[in-house]
Amino acid sequence: MSQYVLELRDVTRVHGSGDAAVHALRGVSLTLAAGELVAVMGPSGSGKSTLLNVAGGLDAPSAGVVVVEGTDLQQLSATALAALRRRSIGYVFQDYNLIPALTAAENVALPRELDGIGARASRREALAALDEVGVGAAAADRFPDELAGGQRQRVAIARALVGPRRLVLADEPTGALDSESGESVLRLLRARCDAGAAGLLVTHEARLAGWADRVVFLRDGAVVDDTGPRLDAQALLAQGTGS
Amino acid sequence: MHTKYAYCVSMPIRHGLLALLQRGPMYGYQLRANFEAATGATWPLNIGQVYTTLARLERDGLVEPAPGEDGDGKVTYRLTAAGRSELQAWFATPLERRSRPRDELAIKLATAITTPGVDVRAVIQAQRTATMRTLRELTRLKAQADPAGDAAWLLVNESMIFQAEAEARWLDHCEARLTSVPPGGAPPLTQPATANDPTEVAR
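If you read the sequences in order, they're chains Y and E. So for the first sequence, the numbering used here puts the first residue at 1; every next one is plus one. So for the second sequence, the numbering used here puts the first residue at 1; every next one is plus one.
For reference, chain E alone in the conformation it holds in the complex (with noise of 0.2 Å):
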């Protein structure tokens, strides 16, 4: 499935790792294709991505070689006791909301209120289109999925599912505020102590 996504989550790697190791010692191509298997390919992993994070993950001592190869001369990696604790750390701890892409949204809808010759109905609607478009996919491949089968990967996908449908309510929040806000309306701009604009000092 190579399906672009409005959203490029940028998924905890590190942690996905340590979890499927979880299950027992793999190599790089079983991490990626076990990674893919168990987020329906929403992630696609480049192998490089995969090397990269494993070494850091060894520096850290979250994961070790395992002793002995297969007989092909790959490295199979295995948790160690820091990489299991620090695994149950992050099952155990709820996410906070960090930096998402939508912050990116929120930043150039604020902007775009306070911005002269700015459109900003038109943004929102530009913005609710593509979201639209994207719910229309996710919920397409979501209505193909089999539902015993592509269990964990249902979890993933309904996940978008409502994240794209927060981000149109949303929209149709900010939508129904600037209805509500006369045009003009939107908050002076901080001017500095010496603006010496004629129509700036009657505000």
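This is chain Y alone, in the form it adopts within the complex (with noise of 0.2 Å):
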């Protein structure tokens, strides 16, 4: 069992062939631990997105290996990758991809019903996970348009959240929300990650990849720079009294 929650090797991924191929990635390594928030930063076209969707088993890979929770995800059947992206990874995206016709609640238990947990059960978690993302229980039975952005958003999270899963993966999850906004949604992100899940989070915002414990730089499709991992408490004393 890898010590990783996601851990991508050497990962090429190109479109097209010959003349009109394109390098989307070219030999990405990424290892995300529990607890560890990571945020990919790159220009447009540096193939930030198509990261999060080898990531998360959206797209398979050219060459290389994609292993979540110790499973590569290449030796699985769809069937078994549709099942294994359901339990273990949570995806945020900036467009919400709330069902119209769901309650908030109906929603967020959708993906445990589909896990076979019964309707009563995945309702309960469902409220649950509402109520850690600040979603009372009287907007958990309205619908996604009846919500405020901010709300939509954090129904999205609550989905991404709900049950056992340990990987988030965040596509510019904050889209168009306002600053105070945006910040509630990483502080969200980041209380889960240290409660030891681990998240993946693309963003072109400094100030939101700010909350993240490294930050990673992606140019046309290959990893340029990385701020490594925070310093811990120890180490910045010791920093601070070793002069």
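Don't read these hints as lab results, they were simulated from the structure. Possibly wrong hints are sitting among the right ones.
What the hints assert, rightly or not - List time: in silico EDC-like cross-link candidates among lysine to aspartate or glutamate, alpha-carbon distance up to 20 Å:
#, chain 1, residue 1, chain 2, residue 2
1, E, Lys142, Y, Glu183
2, E, Lys142, E, Glu158
3, E, Lys142, E, Glu165
4, E, Lys142, Y, Asp178
5, E, Lys108, E, Glu64
6, E, Lys74, E, Glu86
7, E, Lys142, Y, Asp95
8, E, Lys142, E, Glu36
9, E, Lys142, Y, Glu113
10, E, Lys108, E, Glu58
11, E, Lys142, Y, Glu205
12, E, Lys108, E, Asp119
13, E, Lys108, E, Asp172
14, E, Lys74, E, Glu64
15, E, Lys142, Y, Glu180
Claimed, not checked - Residues from chain E that keep clear of chain Y, each with C-beta distances beyond 10 Å, as calculated:
#, residue
16, Gly16
17, Arg23
18, Gln49
19, Val50
20, Pro65
21, Val75
22, Leu87
23, Lys108
24, Ala112
25, Thr114
26, Val120
27, Ala148
28, Ala151
29, Ala168
Unchecked claim - The calculated label-pair distances, taken between Cβ atoms and stated as ranges, are:
#, chain 1, residue 1, chain 2, residue 2, range
30, E, Ala126, Y, Ala34, 27 to 33 Å
31, Y, Glu180, E, Gln49, 34 to 40 Å
32, E, Arg169, Y, Arg142, 48 to 54 Å
33, Y, Ala21, E, Pro147, 39 to 45 Å
34, Y, Thr31, E, Val118, 32 to 38 Å
35, Y, Asp194, E, Arg169, 26 to 32 Å
36, Y, Val224, E, Ala148, 37 to 43 Å
37, Y, Ala34, E, Val118, 54 to 60 Å
38, Y, Pro164, E, Pro147, 27 to 33 Å
39, Y, Ser179, E, Gly117, 38 to 44 Å
40, E, Gly24, Y, Asp131, 43 to 49 Å
Every residue gets a Cβ at the ideal spot worked out from N, C-alpha and C, and that includes glycine.
The two chains are supplied separately, each in an independent frame; assemble them into the complex guided by the hints.
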């Protein structure tokens, strides 16, 4: 069993072939441990979203290995991959992807119902997840259209966090939210990671990436730099007094 | 808190001290403690800076020793009328954007694109990584703060967060601008009229 929640080894993704081939990712390696929030930054077209999709099993690498919770995604059948995505990975997208015909609670409960845990238990889990992100019981039974943007995004995050998942993938999760709501989204992700999840956050906003433990910089599909992990308190202390 | 910041903002200590004295007379150590309480030790002051600043303020007629000493023989200072109006004027006047540490960065990048053999993208990336590390530490301090009890300090902290963000955005902008300029597309150096390098004549 890998010590990492997510491991990318030398991952390459090429779209098309021959002269028309586009190298979206070129030999990217990255690991996420439990408790870690990693931000990926880079200009448009640098491969950020491809990286997230490959990490989440939504897209397959042309070469290289993607391991989630110790399982090599390429070794899985389509059915097994779908089950692993549902059970182990939460996704938060810019456009929320909530189902308009379902209430907030039903949206959050859906992946758990698909897991086969039963309607009552999944509703209970959904309400707990909504409560964790600050969406109260009153809003839980409203439809996405009836919620403000910030609330909708909280529901989307609750859906990504519901159940036992430990890998959260977020692609520009604050979208068009104002600065205050955007920050509360990052606080939620941060709290979830502090509680033991691993988070991969794609953003172009430095202020949001500031919530991560580590920032990885992507350009033309390759990792060009990395802030390295945060120094722990002891290391900071040693640095402060060691002069 | 002894966090190292990439930014070493030179705070107008003079007006900070005047503002503290508006609350009432204080002696040097009280001023220092209150200054650090107000700014969350973001700009640590040493006691020497406090006394030097007080001496200049006294010379300029903005503060004066308060009559009588406290039991320990410490000199307390208070605002003069001129000090009060100076303080009022400070609060009433918007700050001009003066020389900031970032200007050094602007100069560094401006010279980097015109200096042969310098990898400007590497310069930008090194700065971006350093800025993100700063932002990470500032954000961490912010996350630990108590929104009610640390309100004044949070204000200072967020000011630094937004400045770091602005720098990161500006670096992104510089990089995008470089990408749109073909390699070697930097403006030619202003050559002395007597330049005799044949390659320069071609320009």
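Would you check the hint for E/Lys74 and E/Glu86, treating anything up to 20 Å between C-alpha atoms as holding? violated (25 Å)
Does E/Lys142 pair with E/Glu165 here, judged by a C-alpha cut-off of 20 Å? holds (15 Å)
Does E/Ala112 clear chain Y by more than 10 Å, comparing its Cβ with all Cβ atoms of that chain? holds (17 Å)
Is the hinted range of 27 to 33 Å satisfied by the C-beta distance from E/Ala126 to Y/Ala34? holds (31 Å)
At 10 Å, judged by beta carbons, does E/Lys108 keep clear of chain Y as stated? holds (18 Å)
E/Lys142 and E/Glu158: Cα distance at most 20 Å? holds (8 Å)
Would you assess whether E/Ala148, listed as outside the interface, keeps its beta-carbon beyond 10 Å of every beta-carbon in chain Y? holds (16 Å)
CA of E/Lys142 to CA of Y/Asp178, is that 20 Å or under? holds (18 Å)
Claimed clearance of chain Y by E/Gly16, with the beta carbon kept past 10 Å: Its Cβ never comes within 10 Å of chain Y, the nearest being 24 Å, so this holds.
Is it true that Y/Pro164 and E/Pro147 lie within 27 to 33 Å of each other by Cβ? The hinted range 27 to 33 Å holds for Y/Pro164 and E/Pro147, with Cβ atoms some 31 Å apart.
Is E/Lys142 within 20 Å of E/Glu36, Cα to Cα? holds (17 Å)
Non-interface claim for E/Leu87, where every Cβ of chain Y lies beyond 10 Å: holds (31 Å)
In the structure shown, a violation is registered for the earlier hints numbered 5, 6, 7, 9, 10, 29, 32, 33 and 37, in ascending order.
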